[in-house]
Amino acid sequence: MKGLILALALAFALPAAAQHYAAFTIPDSLKEGANVVVRAYNVDLDIRSAKKGYLKVEKTVTLFNEKSSANELVIYYDEGTRVRKIEVVLYDALGRELRVVDKDEVKDYSAVSGGTLYGDRRVKHVEVRHSTYPYTISCRYERELEGIDFAAGMEWYPQEFGYSVESARFSFRAPRDFPVNYKGYRLPAEPVKTDAGNEWSCIWEVQQLKALPHEAYAPQAGELLPKAVCVPGRVSIEGYEGECSSWEALSKYIHSLWEGRGVLPETVKSEIQQLTAGATSDEEKIARLYRYLQQNMRYVSVQLGIGGWQPFDAEYVTKNKYGDCKALTNYMWAMLREVGIEAHPALIRTGGAPTTLDTALVKSQFNHVLLYLPGQDSWLECTVPIGPPQYIYFGNHDRKVLLVKEEGGGLYHTPHLGYLDNIRSGTTTVLLSETGDAQLRQHFQMTSRDAERWRAMEAYYSETALKDAARENLVTAPGLLLEKVEVLPEPDKAACQVLLEGKSERFASKGGKRLFLPLLPVGSVGPAPPPCENRQWPIALREGFTYRDTVRYQLPEGYEVESIMEEAATLEHPTGYYQLKIDHQQDAITVVRVLQRKMAELPPAAYEEFRAFWLEVGKLERSMAVLVQKRT
Amino acid sequence: MKNKALFTISFLGLFVAISISAQSEARFGQIPPEALAMEVFPGDSSAAAVVLHAKADYQIFPSAMYGSELEMRVYERIKILKESAFDEADLRVYRYTYKERSDHLVSLKGRITLPNGQFYEISKADFFEEEYNEYYTIHKASLPNVEVGAVIELEYEILSHRMFRLPAWYFQGQYPVVHSELSVDNQSTYSYTTLLETGTEMSVYELDDGRKLYKLGNMELFAGDGHFMMKNAPAIQEEDYLTTINDYRARVRFQLSEQRDGVIVKEVFTSWAEAARALEDRDEFGKNYLRKRHYKALHEALQPEIAGIDDPLEKAEAIYRFLGSKVAWDDELRYFPGQSPDELLEKGSGTSADLGIALTALLKAEGYEAYPVLISTRGHGKMTQQYPIMDQFNHMLVYLEVAGRALLLEPAVEYQPFGSLRGYSLNGYGWVVNAEQPVWINITPGNDEFKLFCNLDLSGEGALKGDMVATYHGISAPGERSLARQFPEGKYWNSRLPEGAAFQNLRRKDPNKASLSYAEQIEVRHETAGNVVNDYLYFQPVLFSRFLNNPFKLAQRHYPVDFSRPIREVTLTTINLPDGWEVDFIPESQHRVLEGEGVAFDYKAEVIGHQLKVETRIEINQLTFQPERYAEMKAVFEAFSEKLTAQVVLRKP
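So the sequences go chain by chain: A and B.
Residue numbers for the first sequence follow our numbering, so the first one is 1 and each next one is one higher.
Residue numbers for the second sequence follow our numbering, so the first one is 1 and each next one is one higher.
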């Protein structure tokens, strides 16, 4: 009650503007689970034409602790477009203005990612520091939008995990008859659409959104948080005009950007003819040209203006022997055309777990390109200097792609790599001494996901880094000194072998007359899922794999097994399968373990059971045998 | 503490002009056939690339426009031996471009020569210019046709008139180096002092021509007047428990020491006393805490907070707390302030130097003896006391004399305990900015003590449950409090407890208090702690220690281990054993001391009645260990880890 009286007294004592941002006016329901309360977040997009738009952003947030980065304003933009009227003001807990951030505190950096040699992406960044929580930051700015940055459309998220919202708005307006693709997701109400004279508009408004928790093993943020998306239905970039009214139209437009850029120099053409001469099948021609690309061209990314969507031409790649994903794909496409093999570029969002793409909303949401071979119904990843042809990489599997075709291509789906594709199967032999020291030899055969990873590590890692990776992923033994790591990728298959040799100074710990022997010195699945009370989100496992290991122990003379798990253990769950079998003779133990992680989507209520299963797997993974000195 | 000289530091005095002698000839585009033919670098067969030749020429000459100018010509030649070094074909040159002080790029070119002799050359126009931030522009290009065996060359020339800072030259990097040299020819009115650090300990020889030769194995470093040349230097790689790898790379740094044309250049110092005097005279430095008009508003705002406090120590702490609550630190470490105390108050945040200057101002205004102390943090590298090089510093502490004690204070930050330092400030010593007595003081690290008390019940099925109390004293307490603020639910315990264990009912002392002690209590439950097989129950009684896993994994080490602070850890575990079981085996007690007593541990397990008590204790008192003692030291940690993970065996009678 006292607090209320004080709050009321303060409310009367402060000017109206200050009350607006005072932290004490926030209802308790919005503080629950919130690190940040969004007081207002208004984004207004003004689409002027197929070429250009203007964006106005106003955002006021109250921070309750140091657990968010809401004290930073980050504005990405393209060189050549303007960001104007940046204004940032800091208020204290009572909503009193503390200071207006100076213009020179807004830093401007290049936002070119590490993998890109050159690009025109930039970022304006300002970080406001204050020592006492809660405090409020209000910021606003305006931005010009042009080029692919404009054409790719706009996504508005009123909240992030741990943010509640008092009030937020997203609107766009466009000239009359100018088409806009738009859609709201998980927003409480439909947008209000208005036609007014020469323009039309659409507004979403939300109020009083409670904070949403961040939970492990949940689907990606983009599938959980409320959002609204809008995309200009017509685009015009550096003189290239097109439509975004359907996937076919978008495909046609991208095709127009690629057109005429695949002209190979005559010398290359004749080289290609020589290279494919004598090849008896299309597969063989594809393989030879793909190897040629891998051996001669290097991935170097340059992203300038429309260059984000348009490839450098084949001549550029011929001259420099490098290019980005578009340039190298275009080059491969041109080479295949030269020998009469049909192919189409396929735009994709690469990396991470498969993401869902809403087929009902036409929007360019891709960051990479593959080459699709309709005759073979297979895919070429043109940026990797190693690895087999016609193989779908793990970062590209199981997701929607847009085929680029002159007449307009549609959406396709890449193949799935599941737990029966991503296999690691290993044999470990352990020669144990009576002091507990051991000599270890391991031999792994891997396919798909792990094979890709080890093949890449072999090419790019130093020996020390390879040993670290082996310790992290393949072998777990105390005091381990790895003497040898040999990685043997199979050139024509998505397969790889890894051989390890090492010694462990106290593999089995000694206690009096006993040796305590860990039974599975091989890399496993890591920690079990963490506890999660009142689980809110579904469980989403989007990576499947199988680990099959056989471990053979040669026991030291004078020791026998005192205790060991005698019966096989088998566990099953929608997210995995586990089996452990142990067999022991007088001087040897053999352990066979199969561990499968399966892709699955389960309701929140299934979390406890899911966790219990993996805890039980973890316990079996830590199984031990106890050896004891034989009585003489 | 035994302190073996690790660095050979050489001052080559002031040089004005030099005659360049014994310089190697390596011309752009002229690659010797043996370099093209090389498939493996004989000195290091694991190397992915090798620097065949690196060379910098600094020409400093008078200039009508700027007084003096520096012309810097740099040439690098790198042989690619593995695909993992292909990125070396992506050329990058950083150029300072801050407003009117911008450097000028006179020339720039790159070239790749393939093993068959074919080559591709690119010129300045082929490079992209990227405005990296307000201070630097990067010139970037990618050489075409890179393949294993190729030789990459980069040559550029930069004209600069920032005479206060000559760029340092590093002879070593991530790849082995065959040849690296630096020449400095100074015809200007500025003089520089040169500081050569060899990184590792090397034997020194005086040569007949007056040069010095530093030698270790076949690694050689020649140092003459304005000319330095290193040959056969191994690759340098990061290791754990290091201050910074830069301390172990051979390098040459410069400090402007004299300016002779009558223009007053304030940074030119020849002694620490002179440097202190000059800093105190600077408007941006000394005047900010010596002249009231720079801190008037801040000082007025302080008054209500200290009214009625008579005890000097209490008052000093109140001043510290006041500043910490009033202004925020922007996470930037600086030794030179960018704003006055009153400007800091208005803006609400500032760098470590801004905060340090404001603290000094308030303490002095209240009659305390207080001075700024400049240091280089551990990550920034070692300091030299022998010559006043200001660029070596990157952080400011505050020296305070109160109640007959001398205290060192971190710049006031809300939760920083008064009189305590952060881990990164523990870099040995600091320099007190006091013109009357400009001394170097030792920074003695405080203690770091961790204690864990566990009171547990073991069930006949192998489940352990009970209470754990963790207490922290000293330097790690503020860090733990910060973790507690960041993760109120305490999820950091998940990674500390054994796999399969869970905790609840976390209780803690106020994590917002700025104190050098802290405690947390949890109820822990570990259902799968023990393995019951047949008539035996096996379990590991120690649930957590910072040393369960040996932190030292490398077979051998090239650089010293540096712990930064003395460490003490004690764990005391009491376990009530289940009825119906008797003790079959407990690990033997052990006391082990590393020769010289730098590290010692004890392990004691005993059964009293139906209770098992396990006490472990480790003390690390020696802070640095040379690489030659690594194996011995590693073995002690290995033995301790073995004890901590040792199993107890119960048996059904």
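The set of hints was computed from the structure by calculation and includes no laboratory data.
Just so you know, not all the hints are guaranteed correct.
What the hints assert, rightly or not - Lysine-lysine pairs mimicking DSBU-like chemistry, simulated, CA-CA at most 35 angstroms apart: (1) Lys553/B / Lys103/A; (2) Lys451/B / Lys510/A; (3) Lys269/A / Lys109/B; (4) Lys513/A / Lys491/B; (5) Lys465/B / Lys67/A; (6) Lys598/A / Lys382/B; (7) Lys51/A / Lys451/B; (8) Lys598/A / Lys215/B; (9) Lys553/B / Lys619/A; (10) Lys107/A / Lys140/B; (11) Lys630/A / Lys613/B; (12) Lys140/B / Lys287/B.
Claimed, not checked - From the derived model, a few chain B residues whose C-beta atoms are all more than 10 angstroms from chain A: (13) Arg27; (14) Glu346; (15) Lys451; (16) Arg485; (17) Ala514; (18) Asp579.
Note that the Cβ used here is the ideal one computed from N, Cα and C, for glycine as well.
Here is what the structure says about each hint:
With a C-alpha separation of about 49 angstroms, the suggested pair lysine 553/B and lysine 103/A falls outside the 35 angstroms cut-off, and the hint is violated. Simply put, lysine 451/B and lysine 510/A have alpha-carbon atoms about 26 angstroms apart, close enough for the 35 angstroms limit, and the pair holds. For the hint pairing lysine 269/A with lysine 109/B, the CA-to-CA distance comes to about 31 angstroms; that is within 35 angstroms, so the pair holds. Restraint check: the Cα-Cα separation between lysine 513/A and lysine 491/B comes to about 39 angstroms, which exceeds 35 angstroms; the hinted pair is violated.
For a cut-off of 35 angstroms, the pair hint linking lysine 465/B to lysine 67/A stands: about 32 angstroms separates their Cα positions. Of the pairs offered as hints, the one joining lysine 598/A and lysine 382/B is violated, with about 52 angstroms between alpha carbons and a cut-off of 35 angstroms exceeded. A threshold of 35 angstroms between alpha carbons decides the hint, and for lysine 51/A with lysine 451/B the separation of about 66 angstroms lies outside it, so the pair is violated. Taking the CA atoms of lysine 598/A and lysine 215/B, the gap is near 59 angstroms; set against the 35 angstroms cutoff, the hint is violated.
With a C-alpha separation of about 26 angstroms, the suggested pair lysine 553/B and lysine 619/A falls inside the 35 angstroms cut-off, and the hint holds. Taken as a hint, the lysine 107/A and lysine 140/B pair is honoured in the structure, with Cα atoms around 22 angstroms apart against an allowance of 35 angstroms. A distance of roughly 29 angstroms separates the Cα atoms of lysine 630/A and lysine 613/B; the hinted pair therefore holds under the 35 angstroms criterion. Only pairs whose Cα atoms come within 35 angstroms are accepted, and lysine 140/B paired with lysine 287/B is rejected, the gap being roughly 43 angstroms.
Distance to chain A confirms arginine 27/B as a non-interface residue, since its nearest Cβ pair spans about 25 angstroms, more than 10 angstroms. The non-interface label for glutamate 346/B is inconsistent with chain A: the shortest C-beta to C-beta separation is roughly 7 angstroms, within 10 angstroms. With a least beta-carbon separation of about 25 angstroms from chain A, lysine 451/B lies farther than 10 angstroms from that chain, consistent with its non-interface assignment. For arginine 485/B, the shortest C-beta to C-beta distance to chain A comes to about 7 angstroms, within the 10 angstroms cut-off, and the non-interface label is violated.
No beta-carbon of chain A is positioned within 10 angstroms of the beta-carbon of alanine 514/B; the least distance is around 12 angstroms. With 10 angstroms as the threshold on Cβ separation, the claim that aspartate 579/B sits away from chain A holds: the shortest Cβ distance comes to roughly 21 angstroms.
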